[in-house]
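**Q** When you get a sec, could you build the whole thing from the sequences and use the hints?
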Amino acid sequence: MEEIKSTIIQRIKTHFSDATEKEYPYNRVDFSVKKETIPAILFYLKDEMGFKHLSHISCIDWLEENEFEVVFIVWSPTDKIKVFVHTRVDRENPVMDNVDMIWRQANTYEREMREMFGIQFTGLEAPEEFLLEDWEGPPPMRRDFDTEAYATNTYWERPGREDAKDIRETIEKRSGEILPDFAKKYTR
Amino acid sequence: MSFDLKGTLKPLTALKQFGKKPHTLVDVPSIPLEASDHYRGFHYNDLDECIGCGNCSTICQNQAIDMVPVDGIEGKKGDSGLRPRVDHGRCCWCGLCVEVCPTGSLSLTKDYLYVSDDPDTFLWTPGVDNPEGKERISFFSTEETSLNDFGRIPMPELEGMDRVKSFAEVVLGYNEVQARAEASRCISCGLCTEACPEHMHIPEYINAIARGNDADAVRIIYDNNPLPEMCGKVCTRRCEDVCAIAHRGDPIAIRWLKRYTTETVKNADMIKEVVNPDIQEPNGYKVGIIGAGPSGLTVAYYLALKGFDCTIYEAHAKAGGMTMYGIPKYRFPEESLDKQIEYIQKIGVKIHFNTKVGKDISFKEIYSKYDAVFIGVGFPKPWTLGIEGEDLKGSIQAVNFLYEINNGKTVDIGDKVIVIGGGNVAIDAARVSARLGADVTILYRRRVQDMPADWEEIEGAEDEGIHIIPQAIPVKFYPDKKGHVKAVEYLKADMVADEKGGRPKPVPVEGSNTIIEATAVLGAIGQQGDYSFLEEEFSEKVKIERGRFVVNEKQQSTLDKLFAGGDAANRSADVISAIADGYMAVKGIEDLLVKGN
Amino acid sequence: MMINDKNSQKIVDIIQNYARKHSLWILAYGTGCGAIEIPPTMTSRYDAERLGVRGAATPRQADVLLITGYLTTKTLKRVIRVYEQMQDPKYVIGFGSCTINGGMYWDSYNTIKALDRYLPVDVFINGCMPRPEAVLAGFAKLQELIQAGKADGARKYKENLEWYRANQKKVIPNWRMPEYNW
Amino acid sequence: MREKATTLYIGPQHPGITGNMMVRVKVEGDTIVKATTEVGYLHRSFEKLIEKRNWLQSFTLLCRFCVPEPDPVEESYARAVELLEGREVPERAKYIRVLVLELARIASYLLWYGGQSASLGLYTIGQWSVGDRNYILDLFEELTGGRVYHMYIWPGGVRRDLPKGFENKVLKTMDYLEKRLDDYDDLMFDNTIFRKRTQGVGIIDKEKAVEWGVVGPPLRGCGIRSDIRIDDPYEVYNKLDFVVPVEEGGDIWARALVRRQEIRQSIRIIRQVLDNIPAGKYYNKIPNPQKWALPKGDAYTRTEAVRGEVGMYVVSDGGTHPRRAHFRGAAYVHAITLLENLLVGENISDIAAIMNSLGTCPPEIER
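As you go down the protein sequences, you meet chains A, B, C and D in turn. With our numbering as the guide, the letters of the first sequence map in order to residues 1 to 188. With our numbering as the guide, the letters of the second sequence map in order to residues 189 to 785. With our numbering as the guide, the letters of the third sequence map in order to residues 786 to 967. With our numbering as the guide, the letters of the fourth sequence map in order to residues 968 to 1334.
No lab work stands behind these hints: they were computed from the structure. Quick reminder that beta carbons are idealized off the backbone N, C-alpha and C, glycines included. Keep in mind that the hints are not guaranteed to be accurate.
Listed next, with one range per pair, are the computed distances between beta-carbon atoms [to be verified]:
#1 LYS1136/D to GLN872/C: 30 to 36 Å
#2 PRO180/A to GLY260/B: 32 to 38 Å
#3 ARG1162/D to ARG835/C: 40 to 46 Å
#4 ARG835/C to LYS1175/D: 46 to 52 Å
**A** Structural data, given as structure tokens:
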């Protein structure tokens, strides 16, 4: 297992100079690459190294860093190893290369990412809408979209929740405690 | 295409089922099927056991649980008086509320049938609206399955027999990892804040610790307690008595967590930097404070922050009052007190040491010189036992004994010490004596569980090899030839239930006299006030009842500009009450001088 | 059937309601996760057909619209259309917490919270999810209401169509649907 | 003569017993020339909702990804969290988890029996198998407290220990089921209608299968022995003795045969689990859920469900709430790109059967 892992790392590093690796104790190897390298590295993994199975594509919104992270997880049925390929995409101008010619099913993932995060894939051919219909708000999976506020504004909810907050206020009122403002962020 | 005879006939074998008993439950729906023994159906809440901590409401990811007042349930300390109401139009029957309920009052029942044409009837209070659910509980949490963390992170301590060798601090304090872990146990309900006389913002600072933000924790603590390190070490921690987790486990170590936080700020300068208090411009008012004990220091600190000019008169050479002279150093080292006093002085509080009011300066002078006066003189005078031989040599008052020791002096107590009493002073005196190499016995007239001292202190004493003889009433001290105490005679007592419902009384058993040898006897049955410094013109006007100043809720005595607090005004006899008094007096003084009412 | 005589009308109603309550055909439109308890309800153990409850393939044949759980706005649009296609008498059963007050999707941006704002609901069944027994109890309740002549959601819908329509259009931004002529 | 193409809308009300989705097919005569799927009828935005849920609360939400078989999702999530945190799971809990997973597999296959046969017009089997599925759900109810949503496998182990006498009940049910399976065979696999409607229908190309993302029984129906329980073993599957059945052909028939054998293997696994289950703890307690923070990092865990590989990609930013818990469902691949491919050239009357045989599950596509 360790041998296979080091071979993979070596091969990828010689082919893709921008790849940085991270090793895990179990059957997993991670690479981080620039987004431009993604199609090439995935092609290489699939055609040259036997990572035939695309397990997953995921996207994480790192709002604080103003970036999206896109992760491709591929699996080699022969070597029984998972390879994670991470890349970062600028949040302001999220454009990436389309990879659905490598795995057809990537098309579905990309449609979803386009809809949910607003990432544009150059050359992606798919209907505009995927899960949502007539959606007018921002891409909902972006972290700055507040689903609770949206739901409260859009949908009518049955009244009855008087005290969604806490018993803390009741006790404060009874004991006469005055909670300073700077401490309030620590109230549960 | 060939005809497949077998494949055509085989399905007809279904006919062999003909005449067999069907699987159908024909009684459903007229008689609903009984759910299984662990079914997660509707909620049931045991209203008496429930303390309204709201943890169920917090864990509910559907916001289905509301805490609402319920008829017939009054809130009290340790019970918010609110009970969970469940919106069954939100509930998903995951049962997490049951798993986190600290008392185990909330459970799920086997009932699952509710059908209605009115969507507003799905909002109801378990226990109130379904009292019959009690017999049908099926999904509940036990100590084993509960998601609350019931085990306290053990406090590192010196070993029992090692610690009697020196006056080194017994409790070593949590390190960062331990503190974070202990703070993480807290469910942040806030029930503790009501039990705390000072209403400290306990859930908030514990949360700050749990999130790794010690500086914020310190700032929150200093919001209404200027002596947190003192409290962190010697507080009677009534908060822990009402802790929600304590119902089925060890309470959160609130005191130790406070101690941990205060220890992260190493010196007075750092405290000032971290707390970064908002000191207001001087407003010209002058306040005189008598006694630099916890209450006096609190008044001085907060008034100084508000721009008052505060001066403290202290009879002894150091500030801290009983915490300095009455509490042994293995519990409360001098450095940590000094650090806090230094910080308070940095804020601008002036302290005149070795200035006894009534001797070095008259009360009248103080009263006329200042716009308001606060008395926090405490109870310096010990009660005496009133039995034969009490004035013998070797019979010492425990407070005096502790004072001498804390002052760095030596007291000859020999090797066999008897301590009389069951309060913290008694235990302190006993443990100090043990550190001086004596074999110590405590005589207490009630049972061990009746002792007013902290259980931790009692356990600590037992660990250090101190014998406790409960239900023992001393009747006589015997002298040796030199007039020094030699032995103590005591009677065994029976506990007789009080007819009025009070705590059981010890009644001596005739003829059960026992005599034990002693080289010294330390009496610790309580102290009283000493207000001899009040000149006649004041003592007439100021109302004093049962040895304490009569004060209103703002700690104002019967004289308008005279305020009192601490032991001299309240019956609690602990540090945190004194601080609370001081904090209230600050409001009173501010109202009187600035707001004019 | 309308008869002018009041007493005769009463008798006709009783017979009519009796007939109606024993033939509740539900539209096979499992809208949410609750659909998973429908097969057990319909098959051998619980055998809803005993109560006259059975599946119907198209809205025109169906009497009962079973809303089995949460409705996304996208489905709501289809459900409204399906409901309006159904012939009188017709009933709606709200199934599970999500139809009452949003259930666990109370803060989701894509599901409606209170079904009775958008469709007239005759019976709500509590649970997440309701057991087949509860579903059957729901049907029993519906039968009871039908017999008593109280299951009149369809009439309410017609009378308050504007109110319902306004609510529906609020959550379905792009209506694009034929208006059925009531 | 070339016929004019017509567009037909199949759905959104359950084209098979599959869940709400729509397939828009262009047909010439009754042959499909183009198929487009349309999903989104069940999008509840779980992955958004967990932004406001902490690590424990998320677990109750995430099991609702796939309604017929929620346990593999719970399992994936629990294992991902454990991997992130480095939390050990007691041996007993691992066995109980396997027991639950296999029971869920059987329950789900019984539902599939009903769906697959009903999609071809054979209704009796459904009456039997879905009725018998209740016996498994009874077991779940006793073990977990819920019939459908068990919320039983959680980080650290399982929620409750096996009740007294539970093992015997399971064994009894398994004995009963084993006999019933033969009855199903008479009606289903020996039935000429079933054979003729499934053999040679919906063929997946063996060469392309892995690339297309085919997993689970459909892949094994192509003659490729691939099962996460063996390839990437989790819990105690590597200690258990079972066979991964493989069939050649790649059509509905082959997939059905694989499932037929798998349900028997599951019974075998359950018997082994009950024989070997060790005594001891069933749960390593998690800290106070309000303040339970996981270290920064990510983890991806895969579980073999009846539909194939389901996975959970969990990302933690070091806080008390998951940063992301992204679910990978087999149907995400099967029911969209693969289905669109497979339907071309098939008869419209086979759409439901093909969808059923692929294990289409829209709730897990849309989440």
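**Q** Hints first: check each against the structure and report whether it holds.
**A** To see whether the hints hold, each was checked on the structure:
For LYS1136/D and GLN872/C, the hinted distance range of 30 to 36 Å is not satisfied, since their beta carbons lie about 47 Å from each other. Take PRO180/A and GLY260/B: their Cβ atoms lie about 35 Å apart, and the range 32 to 38 Å holds. Distance hint check: the CB atoms of ARG1162/D and ARG835/C are about 34 Å apart, inconsistent with the given range 40 to 46 Å. A hinted range of 46 to 52 Å for the beta carbons of ARG835/C and LYS1175/D is consistent with their spacing of about 49 Å.
Of the hints listed earlier, those the structure fails to meet are numbers 1 and 3, in rising order.
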